[in-house]
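Colleague: Listed below are the residues making up each chain.
Protein chains: 4
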Amino acid sequence: MKKSRLEAFSDGVMAILITIMVLDFKVPSEASLAALCSLAPVFLSYVLSYIYLGIYWNNHHHLMQVVHKVNGPVLWANLHLLFWLSLIPFVTAWMGNHHFEGIPVAVYGAILLFSGTAYYILTRCLLAIHQADSPLAKAVGRDGKGIISLLVYSVAILLANFHSWIACSLYVMVACMWLIPDTRIEHVLMDDPTGKLE
Amino acid sequence: MKKSRLEAFSDGVMAILITIMVLDFKVPSEASLAALCSLAPVFLSYVLSYIYLGIYWNNHHHLMQVVHKVNGPVLWANLHLLFWLSLIPFVTAWMGNHHFEGIPVAVYGAILLFSGTAYYILTRCLLAIHQADSPLAKAVGRDGKGIISLLVYSVAILLANFHSWIACSLYVMVACMWLIPDTRIEHVLMDDPTGKLE
Amino acid sequence: MKKSRLEAFSDGVMAILITIMVLDFKVPSEASLAALCSLAPVFLSYVLSYIYLGIYWNNHHHLMQVVHKVNGPVLWANLHLLFWLSLIPFVTAWMGNHHFEGIPVAVYGAILLFSGTAYYILTRCLLAIHQADSPLAKAVGRDGKGIISLLVYSVAILLANFHSWIACSLYVMVACMWLIPDTRIEHVLMDDPTGKLE
Amino acid sequence: MKKSRLEAFSDGVMAILITIMVLDFKVPSEASLAALCSLAPVFLSYVLSYIYLGIYWNNHHHLMQVVHKVNGPVLWANLHLLFWLSLIPFVTAWMGNHHFEGIPVAVYGAILLFSGTAYYILTRCLLAIHQADSPLAKAVGRDGKGIISLLVYSVAILLANFHSWIACSLYVMVACMWLIPDTRIEHVLMDDPTGKLE
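Chains as they are written, first to last, in the numbering used here: chain A, 1 to 198; chain B, 1 to 198; chain C, 1 to 198; chain D, 1 to 198.
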């Protein structure tokens with residue numbers, strides 16, 4: 001099977017998700033700075049989700065570079081990931097419109113948790129069809145960062161109803177952790193001077 | 001003619017369809033779990049349509065792998081398929097907003113029936129320009145699964161107005177039947193050790 | 001310059017246009033067949049525009065196959081074409097919502113006229129950078145079909161305000177004329193047994 | 001790393017942005033020319049933004065042709081550019097709906113300024129991983145046009161609140177300046193008769 005069409009489809013979905021979030025910015029009925037400033041929570045919520053979707057696209061891009069083949073379960077694991085990501089625009093708008101209140105913040109965290117879990121499942125499906133000494137296996141490794149993220153999301157969800165800003169800070173923290181480029185895969189690629197992986 | 005642009009266009013349309021469905025989730029005006037729960041029928045409707053579009057993308061992906069050439073009629077048969085798929089977001093929202101009432105459920109089934117028929121026509125158009133012993137012909141075969149689906153949709157449409165939940169269960173059943181990967185094409189691909197098809 | 005990215009971008013825009021038109025189907029507030037039937041004019045308008053966008057995608061696809069190179073003016077001529085096509089969802093919804101009244105039907109025709117002109121300009125820009133005996137030149141030729149379409153659109157615009165259904169029939173007629181595959185380009189491709197063009 | 005997926009993702013986002021702007025044309029409730037004419041400011045605003053997005057796509061296309069490799073910072077610099085571009089539909093609608101009043105015009109200029117800065121940062125990130133005598137370095141050079149644009153945007157933002165039409169004229173002026181094709185990169189490509197860059 002070809003991985004190129006999987007990449008193209010995923011890119012398409014992620015590009016659309018990142019873009020339709022902007023439709024939730026309702027054009028203010030007044031032409032004043034005050035009207036613009038009242039959109040600040042929606043904007044902050046948008047920035048956070050934009051960064052998360054950027055991270056997922058980036059990691060997906062890196063991951064697919066060390067993938068040699070895909071099969072049926074991988075296609076569905078990928079669709080499963082895209083399903084949870086597709087709900088991000090909804091929770092982003094809900095969280096922004098309600099000024100980061102407890103329940104929407106917790107639901108936002110739940111979507112992040114499900115997305116993170118889906119990404120984890122995707123890597124496992126890929127590992128199952130690659131050899132133990134493949135570049136993919138070396139690159140993914142034990143995936144500590146992924147598991148830590150899932151734990152932090154869980155803590156944030158529990159805290160959200162009481163201290164929603166702590167939960168939000170935790171989401172920002174996880175995003176910062178991922179903004180540091182995934183050097184594992186880059187290292188593996190550098191160790192492959194033949195460039196075959198590309 | 002090139003099949004790559006046909007694939008790219010179909011991927012684009014399907015990626016957009018799968019994504020704009022989420023625009024039908026109206027952001028609740030309250031930040032409560034009760035408000036979220038009231039979206040449950042819309043969510044269930046979304047999940048079902050997401051899976052159906054995923055199945056179509058998946059089968060389209062498999063089908064195109066054994067296709068060697070495309071022509072004018074194939075381009076239009078493909079656009080015809082995308083036309084019916086493009087109506088899925090509309091019927092999904094209608095069915096979800098009206099808690100799976102009879103008429104919307106029947107109309108949903110009609111769109112599935114037209115989509116299934118359009119897919120069948122697409123495979124016939126492709127078979128017409130491939131030889132009888134081509135990998136495509138072997139892979140598509142008599143297409144029993146496709147014909148059974150069309151029959152089940154028809155039954156569901158007739159039942160929808162009286163027992164709409166039976167109709168919905170039939171839609172779920174067909175989806176489950178298709179989630180099992182289309183092993184026919186994978187078998188044909190495996191029998192082709194030269195990898196020429198890719 | 002590469003034509004592949006021009007194709008990818010055009011495909012993306014056309015795929016999105018064909019899909020967002022469906023957002024103009026407002027979900028009926030009732031779950032009845034009568035509510036669905038009241039959408040009939042919007043649906044007919046959608047079908048017509050879907051076919052027109054399909055024709056543009058199809059012809060663009062054929063045209064690009066015989067193109068060997070693109071340059072700056074071609075990129076802008078292509079963006080100019082996409083600009084007019086991007087207004088089709090707007091006029092489609094306006095025409096459908098107002099049951100094919102005179103003014104919206106005339107404006108619809110104007111957008112078709114501008115799109116057709118933009119396509120004509122695109123072919124001229126392409127011819128300017130290809131040789132007189134290139135496959136492109138042979139395939140495009142004098143482009144009688146394109147010029148006839150422009151004339152029919154002009155007549156329809158003039159008639160729309162008095163007999164809007166005659167104007168609509170003319171739009172349908174032009175669409176039918178184009179649904180017949182553009183055999184000119186297919187002939188040129190067939191005369192090129194080396195397959196270099198692909 | 002592969003630049004092809006970066007291009008595909010950027011194309012996707014820009015294609016969607018250019019298209020969803022059209023959703024801000026609210027279908028008039030009347031079928032009259034007067035209702036259509038009342039949309040003129042929204043239309044003018046749309047045309048300006050369409051041209052700007054076209055310029056960005058065009059320049060991005062040219063830039064990527066002389067790029068040999070991308071890395072993590074480039075991916076993020078690109079996402080940063082797309083972030084500011086993603087806000088263009090919002091400011092376009094705000095500016096159009098409020099007939100080019102001071103505040104929306106200034107905010108529109110601010111988004112152009114941030115987008116221009118983001119594009120500048122992207123070129124610097126690319127230069128950092130290419131050699132000083134690479135085609136990219138020759139093609140980008142000192143980027144006078146980019147810096148002039150940023151200065152003009154800044155002036156326009158300051159003027160917008162007092163003379164919003166002067167600010168708008170400055171935006172149009174910058175767009176005209178960029179519509180002249182970026183001959184620098186074309187020259188470098190022409191000096192490379194081996195065609196390796198493509």
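Be aware that one or more of the hints could be misleading.
Identical chains share a label here; the pair holds if one copy fits it or two copies do between them.
Stated by the list, open to error - The calculated BS3-like cross-link candidates involving lysine-lysine, where the alpha carbons are at most 25 angstroms apart (straight line), are:
| id | residue 1 | residue 2 |
| --- | --- | --- |
| 1 | Lys2 | Lys69 |
| 2 | Lys138 | Lys3 |
| 3 | Lys69 | Lys26 |
| 4 | Lys26 | Lys138 |
| 5 | Lys3 | Lys69 |
| 6 | Lys3 | Lys26 |
| 7 | Lys26 | Lys2 |
| 8 | Lys26 | Lys145 |
| 9 | Lys138 | Lys2 |
In short, the hints are calculated from the structure, not lab data. Please read all numbers here as calculations on a predicted model, not as lab measurements.
Colleague: Give a verdict on every hint.
Modeller: Outcome of the hint check:
For the identical chains of this complex, Lys2 and Lys69 are neighbours both inside a copy (7 angstroms) and across copies (17 angstroms), given an alpha-carbon limit of 25 angstroms. Taking the closest pair of Cα atoms, Lys138 and Lys3 come within 25 angstroms of each other both inside a single copy (19 angstroms) and across two copies (23 angstroms). Taking identical chains as interchangeable, the C-alpha atoms of Lys69 and Lys26 are never at most 25 angstroms apart, the minima being 43 angstroms within one chain and 39 angstroms between chains. Taking the closest pair of Cα atoms, Lys26 and Lys138 never come within 25 angstroms of each other, the shortest separation being 46 angstroms inside a single copy and 43 angstroms across copies.
In the homo-oligomer, the alpha carbons of Lys3 and Lys69 lie at most 25 angstroms apart both inside one protomer (6 angstroms) and across protomers (20 angstroms), since each shortest distance falls under that limit. Within a single copy, Lys3 and Lys26 get their C-alpha atoms no closer than 38 angstroms, and across copies no closer than 35 angstroms, so neither meets the 25 angstroms cut-off. Taking the shortest Cα distances, Lys26 and Lys2 never come within 25 angstroms of each other, neither inside one copy (40 angstroms) nor across copies (37 angstroms). Taking the closest pair of Cα atoms, Lys26 and Lys145 never come within 25 angstroms of each other, the shortest separation being 36 angstroms inside a single copy and 34 angstroms across copies.
Taking the shortest alpha-carbon separations for Lys138 and Lys2, both the intra-copy value of 22 angstroms and the inter-copy value of 20 angstroms come in at or below 25 angstroms.
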